[in-house]
Amino acid sequence: MKKREIVLVSIMGILTIAIVLFGYKYAAGEKDALLNEVEKQTETVSETVSSQESTVAESDTSEAYSQFLAAFSENRSNTTVVDYLQYVHHHTKEVNVAFFGDVAADAAWTKSAIAAIQADYPLENLTTSFFSHPSDSSSVFLSSQYVQEMVAINPDVIFYTIPTKTDQVVDISLVDSTQNIYAIYDEIRAALPDALIVLVTPPPAEAKMSDWNSRTLDYQNYTNNLISENAVFTVPLFDLHADFLAELSNRSEVLATFTDTAGLELNEAGQQLYGEMFANSLLTKMIDTTAGLYVEGEKPDYTPIAPNLVVPEMPVAEIEETVSEETVYEEPVYEESTYVAPTYVAPTYVAPTYVAPTYVEPTYVEPTYVEPVTEEPVPSMDTSSSTSETPTVDSAS
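Numbers given in the working numbering equal positions in the sequence shown, counted from 1, plus 477.
I should point out that these hints are in silico values taken from the structure, not numbers from a laboratory.
Any given hint could turn out to be false.
[What the hints assert, rightly or not] For each label pair, taking beta carbons as the anchor points, the in silico distance ranges come out as:
#1 Tyr-598 <-> Ala-684: 34 to 44 Å
#2 Tyr-598 <-> Gly-506: 55 to 65 Å
#3 Thr-734 <-> Ala-541: 39 to 49 Å
#4 Ala-684 <-> Ala-541: 44 to 54 Å
#5 Ala-541 <-> Trp-689: 52 to 62 Å
#6 Ala-684 <-> Glu-775: 20 to 30 Å
#7 Glu-540 <-> Ala-667: 34 to 44 Å
#8 Asn-757 <-> Val-652: 28 to 38 Å
#9 Ser-687 <-> Ala-548: 38 to 48 Å
Even for Gly, the Cβ is constructed at its ideal location relative to N, Cα and C.
Put together the whole structure using the sequences plus the hints.
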């Protein structure tokens, strides 16, 4: 009997242990399932919260951008190029910037400035193009097809570096240079009516400063003449030349530090600083953008500048705009003269008075007689004795 009890007790112990182990295993499985369920619920809640936050953020961004666009539309006659680029990019989903005129292809200063604004503003689809003609004068631009080359890519913004350096070299007048540059501007506007065109002054060139042509003008005279004339127009203008020199003055630096050894082109440091000046103008220079793209509202009419432009020739000594009155040609009045015949006066003959010569009788002077003097002859000497007495002359002497 005791044996049977022992066996039963053993069996009961084994069963108890098995039940306990099964219970532990079951409890662990339930715990894992419960934890997984909690994790799923947590993820669902997180996704829901994230989705709600994203919706709120997008709503805030959309609202802020709507406010920006509304403000731009109201003040586009006095805004920045960066704001205009964002306006175009928002409506067209891309923006193309062209560099035209006296600018090197792939100029380093242009690329650094564009990269800087792309890093801070939603302009991911921004591309650049170059139409480089650094050795041509404004007269060549007018007679070429340079503007038509840009039509194919249809740029949204064109930075037109004015060719005043070459105009100085070819020795055209200040009036012709300014007139030509505005004529090219008019041509671009006619070919690309939705493009915003910004005039840009060329970089400083120390070797060309005070390098006079036959008109006693350097390239700065041509540049300043256009800047002075542009004060009466609404053509956007970046005077990077003046900004660059002002920055050097603030830093107490000399221009030679930022140009090549010839003093004609910017070196690496000069390109970097010029790019900073350009980027700063893009961000802060207030310009009139009404000439560019209009998505809403009515675009104002444009009147070409060049046909009605009257540019006074500026004096060399002081680069200021002078107003000279137009010379009015008055045709001279010719009066018919009356012919008066001369009066003939007969000459009066006056006979000469004859004066007889006075005769003076000559006086005779008798010559004085001088008696000749007679000399007595000298007696001759004996030849022989004379010879013997002659002393012998020593040949040695």
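Problem set entry | Violations among the numbered hints | 6
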